[in-house]
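Undergrad: Take a look at the letters that make up each chain.
2 protein chains.
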Amino acid sequence: MTKITAGASVSIDGYISGPDESGFEHLFAWYGNGDITIETADPDLPLNVTEPSAAHIRAMIDDTGCFVVGRHLFDITNGWGGKHTLGIPYVVLTHSVPDGWERSTEWYEFVTTGLEDAIAAARRRAGDKNVGLNGGTIVSQALEAGLVDEIDVDLVPVILGGGRPFFRPLEHGPYLLEGPISSVQGNRVTHLRYRVRK
Amino acid sequence: MTKITAGASVSIDGYISGPDESGFEHLFAWYGNGDITIETADPDLPLNVTEPSAAHIRAMIDDTGCFVVGRHLFDITNGWGGKHTLGIPYVVLTHSVPDGWERSTEWYEFVTTGLEDAIAAARRRAGDKNVGLNGGTIVSQALEAGLVDEIDVDLVPVILGGGRPFFRPLEHGPYLLEGPISSVQGNRVTHLRYRVRK
Chain A
1 MTKITAGASV SIDGYISGPD ESGFEHLFAW YGNGDITIET ADPDLPLNVT EPSAAHIRAM
61 IDDTGCFVVG RHLFDITNGW GGKHTLGIPY VVLTHSVPDG WERSTEWYEF VTTGLEDAIA
121 AARRRAGDKN VGLNGGTIVS QALEAGLVDE IDVDLVPVIL GGGRPFFRPL EHGPYLLEGP
181 ISSVQGNRVT HLRYRVRK
Chain B
1 MTKITAGASV SIDGYISGPD ESGFEHLFAW YGNGDITIET ADPDLPLNVT EPSAAHIRAM
61 IDDTGCFVVG RHLFDITNGW GGKHTLGIPY VVLTHSVPDG WERSTEWYEF VTTGLEDAIA
121 AARRRAGDKN VGLNGGTIVS QALEAGLVDE IDVDLVPVIL GGGRPFFRPL EHGPYLLEGP
181 ISSVQGNRVT HLRYRVRK
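Those sequence lines, one after another, are chains A and B. If you count the first sequence from 1, position 100 lands on 100 in UniProt numbering, and the numbers rise without skipping. If you count the second sequence from 1, position 82 lands on 82 in UniProt numbering, and the numbers rise without skipping.
Hints should not be assumed to be uniformly reliable.
[Stated by the list, open to error] Here are some, though not all, of the chain B residues that point toward chain A, as calculated from beta-carbon distances under 8 Å:
no.	residue
1	HIS26
2	ILE38
3	LEU45
4	LEU47
5	ASN48
6	THR85
7	LEU86
8	ILE88
9	ALA145
10	GLY146
11	LEU147
12	GLY161
13	PHE167
14	PRO174
15	VAL184
16	TYR194
To be clear, the hints were calculated from the coordinates, so they are not data collected in a lab. For clarity, every value in this text was computed on a predicted model and none was experimentally measured. Ideal Cβ positions, reconstructed from N, Cα and C, are used throughout, including at glycine.
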């Protein structure tokens, strides 16, 4: 059954990027500090991770049928050049289709009618697999809409001191979680998985 | 040798209290959801924790010679009635000594001349033991002053959606940590200890 999962590399103080889009070299150090190579859709960008992180990533890749990303993440990655680095289709939640991009291909799709429609589109692409939410704004929105089943925190030992938080100030809450239902230690990352209590 | 440690029960989104001082029943649930009783200085307030959390707390109590707390924490606990619940002396960093309190006793002391003096006073009381910093503002201040050696995060599976963050927006940074050098799973808490890279 499809689960909606939200995940990110997060600093100890809760940020998914530091001030002025800084800090990625720390947040994503664990993608490059191990000796297990995981090929990606971009031959120039393999991951080099520790064995525990490799098992964690492989399971995530196997289980995920589609991502939903926000426009900000799409813009800073330039849409991964049209195909997500992990070879998983993605749906972009946006106000408008950016210039020069088709509305929908085999590998991506723009949805301009809101988060619930974006998640529905991702569910159609995911089949029996999971839908993964990336990016702070949509994760918080989806949590408040009761749409998030699991949260994957890749907790990184750095204090960024500011930036974009994984979770935005919420209208409602608190939201209780169960777990960690899984805890895996990599090199400069602790992979923690929680279930959202419904 | 005395280490300066900073610790708190922290939500997944980084808060040490929720909006309008809410959320403590979630942040401190782990103080009461186990079957090991730890007596405190207040006979009406024993802790009831799991065995892993009990070992974690006992080691912290044994290793800590003095706390430094901010005025906010002092006020909301009413200074623990003049003696900290864990039976450990504390130094309060404040602008002025509150009415009705002596400046200094066997169990507490007010310091009005800044954080460095407060930590120096706590070091004198701590002897060879550690100084523990509690409260968001002084932890962030001490981190920026290069005075924090270790950070203890008691990570609680709840998203509070707002409130007082453990780490405030910082002037400088990022601050890299080492670890977790210790990771202990309790009931509704993950005790994570990090060393601050100097």
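Undergrad: Holds or violated: the hint that ILE88/B contacts chain A, with Cβ atoms closer than 8 Å.
TA: Not OK, violated: ILE88/B not within 8 Å of chain A, min 25 Å.
Undergrad: Measuring from the C-beta of GLY146/B to each C-beta in chain A, is the shortest one below 8 Å?
TA: 13 Å, violated
Undergrad: The hint names ASN48/B as touching chain A; please verify it with the least Cβ-Cβ distance against 8 Å.
TA: 20 Å, violated
Undergrad: Min Cβ distance, LEU47/B to chain A: is it shorter than 8 Å?
TA: With a closest approach of 21 Å, the LEU47/B hint is violated.
Undergrad: Hint TYR194/B vs chain A: min CB-CB distance below 8 Å?
TA: 5 Å, holds
Undergrad: For the hint on PHE167/B, just tell me whether its beta-carbon gets within less than 8 Å of chain A.
TA: This interface hint holds because 4 Å falls under the 8 Å limit.
Undergrad: With a cut-off of 8 Å, does the beta carbon of PRO174/B approach a beta carbon of chain A closely enough for the hint to hold?
TA: With a closest approach of 5 Å, the PRO174/B hint holds.
Undergrad: For the hint on LEU86/B, does the least C-beta distance to chain A fall short of 8 Å?
TA: Nearest chain A Cβ about 24 Å off; hint violated.
Undergrad: Regarding the hint that LEU147/B lies at the interface with chain A, is the smallest CB-CB distance below 8 Å?
TA: 14 Å, violated
Undergrad: Report holds or violated for the interface hint on GLY161/B, using the least CB-CB distance to chain A and a cut-off of 8 Å.
TA: This interface hint holds because 3 Å falls under the 8 Å limit.
Undergrad: Taking 8 Å as the limit, does the beta-carbon of ILE38/B come near enough to a beta-carbon in chain A?
TA: 24 Å, violated
Undergrad: At a threshold of 8 Å, is the proposed contact between LEU45/B and chain A supported by beta-carbon distances?
TA: 23 Å, violated
In this structure, the earlier hints numbered 2, 3, 4, 5, 6, 7, 8, 9, 10, 11, 15 are contradicted, and the remaining ones agree with it.
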